[in-house]
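Visitor: Sequence:
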Amino acid sequence: MEIVLIICGLLLMLLGLAGSFLPVLPGPLTSWLGLLVLSYADGVTISTAFLVVTFIIALIIFILDYIIPIAGTKRFGGSKSGMIGTSLGLVVGLFSPIPFGIVIGPFVGALIGELMHKNDVNRATKAAFGSFIGFVSSTFLKFIIAVVYLGLFISKVIHHSGSWI
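Taking our numbering, the leading residue of the sequence shown gets 2, the next gets one more, and so forth.
Since the hints were made in silico from the structure, they are not lab data. A few of these clues could be false.
[Said to hold, decoys possible] DSS-like mimics (lysine-lysine), calculated; alpha carbons at most 30 Å apart, straight line:
no.: 1; residue 1: 75; residue 2: 119
no.: 2; residue 1: 81; residue 2: 127
no.: 3; residue 1: 81; residue 2: 119
no.: 4; residue 1: 127; residue 2: 75
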């Protein structure tokens with residue numbers, strides 16, 4: 002049974018890594034599920050406090066993933082229209098069949114939102130760039146957390162592998 006739990010946990014870890022780049026999957030939360038599954042394997046000691054702390058971190062990253070691109074738009078001089086455009090572009094990009102739609106969507110959304118607010122191409126481009134920076138930042142943050150959770154997973158498996166032999 003332990004090997005099944007380890008394999009399922011590892012698959013969730015790998016999905017979590019993929020979810021760092023694919024917005025369809027909540028990366029760190031999926032990785033956290035891998036830790037949770039591993040905690041049910043005999044011989045693996047993962048405390049409830051550890052699971053709670055790692056869950057809270059994953060949840061915070063999940064929430065920040067939606068806030069950071071909007072904050073990037075605002076930080077680079079975007080208006081409320083630009084922030085709304087960023088959010089709408091994120092959703093449209095998510096479901097768009099074009100390659101890299103999730104990257105292009107927030108940028109184009111912020112650009113259109115700013116151009117509708119004030120017909121100032123420089124301001125709109127700057128806000129759209131802020132949206133892109135926000136997206137890249139949140140993706141990097143999700144990836145780092147997913148890698149850390151994978152490292153924790155591997156260390157727990159290696160540490161307790163002797164009890165399964």
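Visitor: Could you run down the list of hints and mark each one as holding or not?
Guide: So, going through the hints one by one against the coordinates:
| no. | hint | in the structure |
| --- | --- | --- |
| 1 | 75 x 119 | holds, 15 Å |
| 2 | 81 x 127 | holds, 14 Å |
| 3 | 81 x 119 | holds, 11 Å |
| 4 | 127 x 75 | holds, 10 Å |
Violated hints are absent here; each numbered hint is respected by the structure.
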